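Using the hints provided, position chain S relative to the given structure of chain D.
Line by line, the protein sequences give chains D and S.
With my numbering, letter number 24 in the first sequence gets 24, and the count goes up by one each step, no holes.
With my numbering, letter number 364 in the second sequence gets 364, and the count goes up by one each step, no holes.
Warning: the hint list may mix true and false statements.
Said to hold, decoys possible - Selected chain D positions facing chain S (Cβ under 10 Å, derived; list incomplete):
1) Thr108
2) Leu135
3) Ala137
4) Val139
5) Ala216
What the hints assert, rightly or not - Residues of chain S clear of chain D, computed beta-carbon distances all greater than 10 Å:
6) Leu146
7) Phe174
8) Arg203
9) Leu253
10) Asp264
11) Ala287
12) Ala366
13) Ser433
Unchecked claim - Derived CB-CB ranges, DEER-like:
14) D:Lys195 - S:Gln343: 19 to 27 Å
15) S:Arg34 - D:Gly111: 44 to 52 Å
16) D:Ala196 - S:Pro258: 37 to 45 Å
Honestly, the hints are just simulated from the structure, not real lab data.
As the structure is a computational prediction, the values presented were derived from the model and not from experiment.
Idealized CB from N, CA, C, for every residue including glycine.
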Amino acid sequence: MQSMTLDPAPSAAGTPAEGAAAQRENSLSRQSQPVPRAAPSAPERTLGEPRVRNALITSRAVSVHYGAKQALFEIDLDIGRHEVLALIGPSGCGKSTFLRCLNRMNDTIDGCRVSGEIRIEGQEVHAPELDVVQLRARVGMVFQKPNPFPKSIYDNVAYGPRIHGLVRRKPETDELVERSLTRAGLFEEVKDRLKAPGTSLSGGQQQRLCIARAIAVQPEVILMDEPCSALDPIATAKVEQLIDDLRKNYTIAIVTHSMQQAARVSQRTAYFHLGRLVEVGPTSQMFRNPEHQLTVDYITGRFG
Amino acid sequence: MSIGPFSPARLAPPAEARVTSPHRSSAARARVRRRQRHERLFRACGAAAISLGLVFVVALFFSILSRGYTAFQQTQLKLDLDFSPAALGLSSGAASADQLGGADYAAVIRQALAREFPEVTERRERRELSALVSSGAPHQLRELALVDPSLIGSQRSLWLTADDEVDLFVKGSFDRTTPEAQRRIKDRQIAWIDRLESLGRVRKSFNSAFFSAGDSREPELAGLGAALMGSVYTLLLTLLMSFPLGVGAALYLEEFAPRSRWLDLIEVAINNLAAVPSIVFGLLGLALFINFFDLPRSSALVASLVLTLMTLPVIIIASRAALRSVPPSIRQAALGMGASRRQTVQHHVLPLALPGMLTGAIVGMARALGETAPLLMIGMVAFLVEVPRGFTEPATLLPVQIYLWADSPERAFAERTAAAILVLLAFLMLMNSLAVVLRQRFERRW
Numbered sequence: 001m002q003s004m005t006l007d008p009a010p011s012a013a014g015t016p017a018e019g020a021a022a023q024r025e026n027s028l029s030r031q032s033q034p035v036p037r038a039a040p041s042a043p044e045r046t047l048g049e050p051r052v053r054n055a056l057i058t059s060r061a062v063s064v065h066y067g068a069k070q071a072l073f074e075i076d077l078d079i080g081r082h083e084v085l086a087l088i089g090p091s092g093c094g095k096s097t098f099l100r101c102l103n104r105m106n107d108t109i110d111g112c113r114v115s116g117e118i119r120i121e122g123q124e125v126h127a128p129e130l131d132v133v134q135l136r137a138r139v140g141m142v143f144q145k146p147n148p149f150p151k152s153i154y155d156n157v158a159y160g161p162r163i164h165g166l167v168r169r170k171p172e173t174d175e176l177v178e179r180s181l182t183r184a185g186l187f188e189e190v191k192d193r194l195k196a197p198g199t200s201l202s203g204g205q206q207q208r209l210c211i212a213r214a215i216a217v218q219p220e221v222i223l224m225d226e227p228c229s230a231l232d233p234i235a236t237a238k239v240e241q242l243i244d245d246l247r248k249n250y251t252i253a254i255v256t257h258s259m260q261q262a263a264r265v266s267q268r269t270a271y272f273h274l275g276r277l278v279e280v281g282p283t284s285q286m287f288r289n290p291e292h293q294l295t296v297d298y299i300t301g302r303f304g
Numbered sequence: 001m002s003i004g005p006f007s008p009a010r011l012a013p014p015a016e017a018r019v020t021s022p023h024r025s026s027a028a029r030a031r032v033r034r035r036q037r038h039e040r041l042f043r044a045c046g047a048a049a050i051s052l053g054l055v056f057v058v059a060l061f062f063s064i065l066s067r068g069y070t071a072f073q074q075t076q077l078k079l080d081l082d083f084s085p086a087a088l089g090l091s092s093g094a095a096s097a098d099q100l101g102g103a104d105y106a107a108v109i110r111q112a113l114a115r116e117f118p119e120v121t122e123r124r125e126r127r128e129l130s131a132l133v134s135s136g137a138p139h140q141l142r143e144l145a146l147v148d149p150s151l152i153g154s155q156r157s158l159w160l161t162a163d164d165e166v167d168l169f170v171k172g173s174f175d176r177t178t179p180e181a182q183r184r185i186k187d188r189q190i191a192w193i194d195r196l197e198s199l200g201r202v203r204k205s206f207n208s209a210f211f212s213a214g215d216s217r218e219p220e221l222a223g224l225g226a227a228l229m230g231s232v233y234t235l236l237l238t239l240l241m242s243f244p245l246g247v248g249a250a251l252y253l254e255e256f257a258p259r260s261r262w263l264d265l266i267e268v269a270i271n272n273l274a275a276v277p278s279i280v281f282g283l284l285g286l287a288l289f290i291n292f293f294d295l296p297r298s299s300a301l302v303a304s305l306v307l308t309l310m311t312l313p314v315i316i317i318a319s320r321a322a323l324r325s326v327p328p329s330i331r332q333a334a335l336g337m338g339a340s341r342r343q344t345v346q347h348h349v350l351p352l353a354l355p356g357m358l359t360g361a362i363v364g365m366a367r368a369l370g371e372t373a374p375l376l377m378i379g380m381v382a383f384l385v386e387v388p389r390g391f392t393e394p395a396t397l398l399p400v401q402i403y404l405w406a407d408s409p410e411r412a413f414a415e416r417t418a419a420a421i422l423v424l425l426a427f428l429m430l431m432n433s434l435a436v437v438l439r440q441r442f443e444r445r446w
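Chain D extracted, bound-state conformation:
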């Protein structure tokens, strides 16, 4: 924990209960032995500032059911322009589900129902007149596991622009492929083997290829679902650097399990717990001075 770039909460570590526990179990690590006590419950209202002025995406009272099970409860959350919003929380808390609502990827899951209102530039994404394919072109997605198509590197990047009719001729396509790969920081590494299959790249390169593939469609928003969870620290650092660069042109929402990553790449952070949005705020404030006990516990690594 001392090695963290951003020390989470010195005030939290200094509570009396914490000190007593540390003395009692001084030969064991703190993470593996949580202090037994009554678990704090999620608040009725989200703490912090879920809304921002001039937001690109607004969501109001978004609930998601998988069959009979409710996965998300009345989420209000905005994403501002050119910001990186980090969604954090323990496994199964609904952060990926929320992310997948934004480009309606939940439509592909049987038995999944989404209620509430999600608007992108004021346009309701569930409106019947909105074409879901069009929406997904505007809201791109990068998945947890790198999933390039079993095609060449070139075709992986060119596929999106081709099906959306963004390019007509070969030189145009060549240029867009090069631009996208360059922006994803991959072009120098693969320029000699654009015809090689995308699956022949290393894990980190594959993920950057997937990012290049997503930005080739020229979306307004990029959703990233734990993009670095399958990558080693060096590849992770490259992708994080890339996310920071992409912020100039895109709006990004990223789900991550790494607190350090959230702290490094995001401007705002939202903490989810058991399907509820507990707290939202500027990242620095969320990590230095969280309001809710659940956020404190998660950020200090007491569970999750």
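Frame of chain D; chain S shown alone:
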């Protein structure tokens, strides 16, 4: 005090570390030995199963090969034939095609044999003598004369197909010490054959008629041509109908249909259809295609319709399995790019599933190729001399031909049955290797 990840307190062994382990006692060693013994036994059972299977396969192949390979050769006799118009029973002068067709070619053969064996004079002996040559030989000569009318009036030495009993004798499938009463070929005939052999007038040549001719009551004239062409037509049509239908159904069920009670019902129905005895499909074909739609009986068209019904469930099940084996991450990637459902399936899922689908289809085709029972119901058990030339002409199929020959009393049909089985097996192996080649050609890694 510091309790970070590298503090001395962390690196030191815990105070209450176990000294004795349950994995080091003698009981533990016994457990290990027992587990290893079970492991070996399990593996040996598998190896025994596969060796038993191999033994059966080898025995089957050996038995069929040893019985059938002789049918690929046919004994022929060389006779000096005189095609003078007098011998043919024609009025002299230029003969019309009509006359050539009706001429007495059997007489030409009889006279040639009489010249070869002048000592044979008695009526019964002469009949036995002409029996050395196949009863189809006059037809062969007529065909020859119709193609080449200059034959008339000439004298030629020609190789004629021998009778099936002579054929068997020359190939040595029974020996001459058997009492005469127990064989169809007489001592006299054996003497004649020996004499012809010493004159170099007996030979065994490749039996091309076996692959081109239609069926015949005479084993030496019977061929697989009609059955081979019938099988080719039927399988071609079956593949053309069942593959697109099966893949389409699988695609809809797997990729587009919303989960519902109806879908479950359809799934159960398909699985059950795959297990329905094939003769039931034959009955359905008889009632539907022949009696109701009035399609030509015993044609390749009806056979392929019935076999399509039969193989469809197999292809649908195989295709759905192939679609399901495409990783969902590929679908998500495509959908996340903003590809439509149709684009996702057409550009990504289908190409990846195609090798599996093709394999399934060819397995289904192989099953259809070997199917006999439903074909009996739609009148494919036909004695067919003509090789079919279209989808609606009467046709027969390889397994049906094998069934018919296996039922025939003539001894020479036994080797032909075995040979036909060999041809069927070769056909099957060809299709299976095609499946392997297609699989390797189209298979892609992800």
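Broken hints, by number:
No hint contradicted; all consistent.
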